[in-house]
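In order, the protein sequences belong to chains A and B. All residue numbers for the first sequence refer to the working numbering, where the first residue is 58 and numbers rise by one. All residue numbers for the second sequence refer to the working numbering, where the first residue is 12 and numbers rise by one.
FYI, nobody ran anything at the bench for these hints, they're computed from the structure. If you're wondering where the values come from, they're calculated on a predicted model, not measured in any experiment. Any given hint could be a false lead.
[Stated by the list, open to error] Just the calculated beta-carbon pair ranges, DEER-fashion: (1) A:Trp145 with B:Glu114: 41 to 49 Å; (2) B:Glu114 with A:Ser349: 35 to 43 Å; (3) B:Glu114 with A:Val348: 33 to 41 Å; (4) B:Ala334 with A:Gly251: 37 to 45 Å; (5) A:Phe345 with B:Glu193: 50 to 58 Å; (6) B:Val81 with A:Val156: 32 to 40 Å; (7) B:Gly147 with A:Ser349: 33 to 41 Å.
[What the hints assert, rightly or not] Covered by chain B, per the in silico footprint, the following chain A stretches (three or more residues, Cβ under 8 Å): (8) 246–260; (9) 264–273; (10) 277–283.
Note that the Cβ used here is the ideal one computed from N, Cα and C, for glycine as well.
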Amino acid sequence: MSSQTHETETFTAVATALIRPETEQERERRRIVVMCLPFFVLATFAAFIPLVVMARMSVSADQFENSGFSMEAWYTLATESVYLTVAWNTLWFATLATVASVIFGVGISHALEKYEFPFKGFVVSMISFPIALPGIVVAFMIIVLLGRQGLLTHTVAFFTGGSPLDIAVATTVFGLFCGYVYSLIPRSTMVLRGTYTEVNTDAEEAARALGAGSLRTFYHVTLPEIRPGVVAAFILTFRSALAIFGTVLVLQSLNVATLRIDREIAVGFNSQIAGAIGLIYFAFILAFTFVSLRFTETDVVEI
Amino acid sequence: MAEVTLEKLHKRYGDETAVESLDFTVHDGETLGVVGPSGCGKTTTLRMIAGFETPTDGVVRFDSEDVTHVPPEKRNVGLVFQSYALFNNMSVLANVAFGLKMEGVGKEERRERAQELLDMLGIGDLGDRSPESLSGGQQQRVGLARALAIEPDILLLDEPMTGLDAKLKTRLRTEMSNLLEELGVTALYVTHDQEEAMAMCDRIAVLNDGHIEQIGTPDTVYEQPANTFVANFIGTSNVLRGKANGDSVDLGFTRVQDERLEAVNGEATLIARPEAFDVDDDGFEAQVRDVHYLGERIQATAELPDGTDLTLKFDSFDRQVSADDVVSLALDLDDVHVVD
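Here chain A stands alone, though its shape is the one from the complex (with noise of 0.2 Å):
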């Protein structure tokens, strides 16, 4: 028997399994195939295909239509300065937030699983509150705080005699900053609340009785315990970092990905060099999710 006629064969074995199944595991598989295929249905029309057009369009000889063969765009991306910088900014800056967001995010958890308090649902709603917000939104909420009329800057210039004009941070990187911070704590508490219910108490228990104080059973005992939850915070949070773009657009204050793709688009249509961000942008997530994956698992640690 050749191997084709023994592929299709087994093709049309599974195939039948999955129409007419008889076993149990037979059954079981045609539900996972069930439950999944509306998702990668919809991820081949909303993701594959885009992202093939989106390769073609960035080797595209022509500005406004698909056609004819052309690196220039790479080129251009690999070559000139700004796109350097582009991508420089978009890292250091995303990372930066993430990073701070973790932090306030772990904080958060560890509050809100470990304490039983008064208006625990008030603060619960409060800290997922910015993740129902509009960048934009976000934007302006620090404009009203941190800009020339903001309340905190007239505040600090009331007590200090300073002008506005020289504390408004809003437009800053700092403000910036503050924005992106506000959005992704929601996201990074999120994972970590699931994390902190898996924890072990008995075990952080174990280590204050053995003489560790609160911070040394968290170093010791807690962050090993909740690292694949820090690591899966830092990856959700990264990622919806990269991607902020109405804070960025109002407060205009650093040049990173998303905006650099809105501005050639928007200024003379640069089809083929936004293709070109687009792509590279897919492919970093991409890698950087499944190489960061394999950080989640704990390692036993020496004495």
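We have chain A already, so just place chain B on it with the hints.
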């Protein structure tokens, strides 16, 4: 090691009272068992001694020092959990050495001391392993070694055998008991298993609804229970009631005479363990309803003419009793305890 004293210890959660006016001392080098049904306040008591719960009222003393508000990490308490609570991100040796590391003991010394304890517990070759790769019994030995490594003032054991199989439980409790005695450790042993408490502890405190019903040596608690709760909780009992008259009491199915009854005024309660009954031609009649073979012993339920059930135990080699038999029973007053 230290003597641990609880003085009028209360713990309330809102309107719920978990522990009420506990007064007892765990003497230096003694193992005190705390037994009682679920929710009676055993674990709350242990957690107040460890410092994880703040008493609503009362004082915890280690020797003469008031430690009621001292944080757990400064109490020098060893804790052994039912869940083992080992640090799975550390090796077995690192687990045992953890407390010494927190005390600032040098690396070499803490390794040596941890290894000594592992050897003592018969798991010396497991030092490099991850706790997760060990069996339940091995993990509990590691938990014990880790708690003992810091030479605690008191060792608190919270149902440490609950997750283990019966055979391992029996072996481990013998080993643990011998070790505690050898090291002269002051220990508080919380368990719902009365047999375990009787086998391992110098004294037993029986808790019910947050207060102590009785505290005493295992044989005192078993043979002279303070009340019907203790009698029913520790072992199996037949609670017999009747009107006392002088030195005798009419139990309905038989009349018994004993000088201890002279102190009883009115209603008398007698606690008769299943072993207190034996088959005797001159006794009272009862019908055997069911018989359970328990290996060395058989347990039978017999119904008296007035409908009262008695639980009986006989050596399975000596006595052959079958369901539906009508037997004549006698009550050995030496094995009967009179409750005020």
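A quick look at each hint next to the structure:
Between Trp145 (chain A) and Glu114 (chain B) the C-beta distance comes to about 47 Å, which sits within the given range of 41 to 49 Å. Taken as a hint, the range 35 to 43 Å holds for the pair Glu114 (chain B) and Ser349 (chain A), whose Cβ atoms sit roughly 37 Å apart. Distance hint check: the CB atoms of Glu114 (chain B) and Val348 (chain A) are about 39 Å apart, consistent with the given range 33 to 41 Å. Taking 37 to 45 Å as the suggested C-beta distance range, the pair Ala334 (chain B) and Gly251 (chain A) does not conform, at roughly 56 Å.
For the hinted restraint 50 to 58 Å between Phe345 (chain A) and Glu193 (chain B), the CB-CB distance of approximately 57 Å keeps it satisfied. At roughly 37 Å, the beta-carbon separation of Val81 (chain B) and Val156 (chain A) lies within the given 32 to 40 Å, and the hint holds. At about 35 Å, the beta-carbon gap between Gly147 (chain B) and Ser349 (chain A) stays in the expected band of 33 to 41 Å. Note: the segment 246–260 of chain A has 3 residues with beta-carbon separation from chain B under 8 Å; the three-residue rule is met and the coverage holds.
Only residues whose beta carbon comes within less than 8 Å of a beta carbon in chain B count, and the segment 264–273 of chain A has 8; three or more means the coverage holds. With 4 residues bearing a CB less than 8 Å from a CB of chain B, the segment 277–283 of chain A meets the requirement of three and the coverage assertion stands.
Comparing the model with each numbered hint stated earlier shows that hint 4 is the single one that does not hold.
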